[in-house]
Amino acid sequence: MATLNLLQAVNDALRVEMRRDNRVVVLGEDVGKFGGVFRATAGLYEEFGPQRVIDTPLAEGGIIGAAIGMALYGMKPVPEIQFSDFIYPGFDQIVSELSKMRFRSGGQYACPVVVRTPFGGGIKGGHYHSQSPEALFIHQAGLKVVAPSNPYDAKGLLLSALRQPDPIIFFEPKRVYRASKGDVPEGDYEVPLGKAQVLRAGEDVTVITYGAMVHEAIDAIAKAEAQGIDCELIDLRTLWPLDIDCLVESAQKTGRVVVVHEAPRTCGLGGEISALLQERCFTHLEAPILRVTGWDTPFPYTLENEYLPLAPRILQGIEDSAAYIA
Amino acid sequence: MARAAVKAKPSKSAKSKAAAKRTLHAVPRRADPFTLGGQQKVEVYTSMLRIRLLDERMMTLQRQGRIGFYGTCNGQEAATIASAYALRASDWIVPALREAGAMLMRGFPLVPYLAQVFGNSGDITKGRQMPSHPAGRAVNQVSWGSCIGSQLPHAMGAAWAAKLQGHDTVVIGYLGDGATSSNDFHVAMNFAAVFQAPVVFVCQNNHWSISIPTHKQTASESIAIKAKAYGMPGVKVDGNDADAVYAAVAEAVARARSGGGPTLVECETYRMGAHSSSDDPTRYRDQAEVDAWKKRDPIEGYRARLIAEGHWSAKKDEALRAELLEQINAAIKTAEALPPPDHDTLFEDVYFDLPWHLQEQRAQFKAALQRAGGSLAGALPGSAH
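Residue numbers (the numbering used here), protein chains in the order written: chain S, 1 to 326; chain A, 327 to 711.
No lab work stands behind these hints, which were simulated from the structure alone. Predicted model, so just to flag it, every value in this text is computed and none were measured. Be careful, since some hints might not be right.
Unchecked claim - Simulated pairs of lysine to aspartate or glutamate, EDC-like, Cα-Cα distance not exceeding 20 angstroms: (1) A:Lys692 <-> S:Glu279; (2) S:Lys195 <-> A:Glu686; (3) S:Lys195 <-> A:Asp679.
As the list claims (entries may be wrong) - Okay, the calculated beta carbon distance ranges per label pair: (4) S:Ala326 <-> A:Ala693: 27 to 35 angstroms; (5) S:Phe282 <-> A:Ala693: 15 to 23 angstroms; (6) A:Thr544 <-> S:Glu186: 54 to 62 angstroms; (7) S:Tyr88 <-> A:Lys642: 52 to 60 angstroms; (8) A:His683 <-> S:Phe282: 15 to 23 angstroms; (9) S:Gly49 <-> A:Leu706: 54 to 62 angstroms; (10) A:Asp494 <-> S:Gly43: 27 to 35 angstroms; (11) A:Glu686 <-> S:Tyr88: 25 to 33 angstroms; (12) S:Asp21 <-> A:Ala698: 43 to 51 angstroms; (13) A:Ala580 <-> S:Tyr189: 45 to 53 angstroms.
Here a beta-carbon is modelled for each residue, glycine too, at the ideal position from N, C-alpha and C.
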């Protein structure tokens, strides 16, 4: 057991899997000698060489498109998109090709590509280094979407993802790449996809979130506790297909739900969770399901703390939910 | 076709390696690897004629309302068949719209091929794509979407993977002249050259992208010349001359296989028919141009050459036509009679497994079907089955 930050955990997972399976290759911009702009692939080039840790030309459509071809041929490519804000030149390849290959070929061809990409704000990156586009990918039939919040899950979920037969978009919360530290087992272990984690059990209000906002929610929930509001905190971990049973069980218990995400509100994952829960828990609900999210604006540079759903707004959401009387 | 067979991954077993080495062709190649022998020419001609006859039948079926859509290879048979003929069975084809017929030459059976056009249960892709979009893993022909150019990075990536794994597989990625304007053409050409991937891009310059002529698609003096800026050889050939197409592509394939990297081959040809069954080219194209190209018909020309070279005769040709038509008509009869895909296939293959939300939606679908008395046909024109 070692204490690693989230970035080191990602790096460790890649190393473990590349040692285990020589079909795994990492490709992307600056991932080779430089080890990635965040250093997620540091040391891999030295250990595995330029045939498996590949610096590509600067074209996300080429990175994803070539990875699709590699996967068709039986390899296990792990493209890195330097920031999820830059993923759009590869968006057509992801939504029209990667996610549809199994279906449109009648199951003859699969594309088990794991696209790693940092997402989220709070790093003074402005609109083009801060967005959370996960809902766009959840909306595409054929993709799985994962977003860890801590080092243990990051390594375990990435190892699981790398062994899945389906394409996966693996969103890494760059705000806590270094800030989130924890015990991480050495060697091999998996955290199963599709399973959320109840980080704190509570009776009054369910808070559902993922990625960096888990850490803000922990802070808000501690302050709510001081007011006598007992929150249950769920870290989704896998955004799609999400752990519906876990969410339903909690919502039926508390009857009050707050969903938190950095991404803009409209058509965000919070809206989908709200719909799923009202379909299943209508008679259990004691308050409207609230969404505490980024605003429906472009991501701002200077006012990012005003944009993000940080602890004060999460606390307000918890308070409003707890106080609601039908 | 057995599911296990089409799902098989490239195997490293000695047996399959030996199988992979075998060529598609019944006749051993001559000493000059880029020149076809007489029997090989007859094989090429046979495959070209098969597609021509098949396409004619399919267009008739489309006009009769028996199939929904069709895109023919009409006029481009030499560019399609002679290029694909330069490959081994173990090599890959990443096609665009008009190369489906190469699958037949590479041994894909006619009935499931036609079942794809009908979109029924005999289609190994389960009726999920429009006609003219088949895929056959058994003959290493990858699935095409419909987004122009997007297949080219796949061709590059598959070739790159083969190289990284030490295989001697070569991949042909097909495109039309319109696709050379796409961003994916650029990234595929660039990546292929940077990584020296064993891929051959075969551009069927048929002069028209639906209604847009090539000179409005690019200001380059040719398509082949674009290769130069990417750092790879570019070759322009008469795409209606099967021997010329074969020579150019076979040379490019040999170079790719021996580690010499990618090539762009421009086959100058002509789309004799409409873009598809949904198109009417008389609205934008001069008939005199079509008539001029008719004189350069790849099949007519090749037949005359084969007869002149003593490899073929009018009598043999008549017999071949009759035989091919009989095969095609018999296969149409068999394929058309097959039932539509099972309802469950709607939810299969989205993922490897059926996740909870698709299980739920499948149950909802079945309940809706039952509640509606067995038909979910709608009110709009074309909404009934």
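Hints, one by one, checked against the model:
1. Taking the CA atoms of Lys692 of chain A and Glu279 of chain S, the gap is about 19 angstroms. The hint holds against a cut of 20 angstroms.
2. Restraint check: the Cα-Cα separation between Lys195 of chain S and Glu686 of chain A comes to about 18 angstroms, which is no more than 20 angstroms; the hinted pair holds.
3. As the CA atoms of Lys195 of chain S and Asp679 of chain A are separated by approximately 16 angstroms, the hinted pair is consistent with the 20 angstroms bound.
4. Remark: the range hint 27 to 35 angstroms for Ala326 of chain S to Ala693 of chain A is upheld by a beta-carbon distance near 31 angstroms.
5. As the Cβ distance of Phe282 of chain S to Ala693 of chain A is approximately 19 angstroms, the hint placing it in 15 to 23 angstroms holds.
6. Distance hint check: the CB atoms of Thr544 of chain A and Glu186 of chain S are about 56 angstroms apart, consistent with the given range 54 to 62 angstroms.
7. At roughly 56 angstroms, the beta-carbon separation of Tyr88 of chain S and Lys642 of chain A lies within the given 52 to 60 angstroms, and the hint holds.
8. Checked against the hint of 15 to 23 angstroms, the pair His683 of chain A and Phe282 of chain S passes, with Cβ atoms roughly 18 angstroms apart.
9. At roughly 58 angstroms, the beta carbons of Gly49 of chain S and Leu706 of chain A sit within the given window of 54 to 62 angstroms.
10. Between Asp494 of chain A and Gly43 of chain S the beta carbons are some 32 angstroms apart, a value that agrees with the proposed interval 27 to 35 angstroms.
11. Taking 25 to 33 angstroms as the suggested C-beta distance range, the pair Glu686 of chain A and Tyr88 of chain S conforms, at roughly 31 angstroms.
12. Distance hint check: the CB atoms of Asp21 of chain S and Ala698 of chain A are about 48 angstroms apart, consistent with the given range 43 to 51 angstroms.
13. At about 48 angstroms, the beta-carbon gap between Ala580 of chain A and Tyr189 of chain S stays in the expected band of 45 to 53 angstroms.
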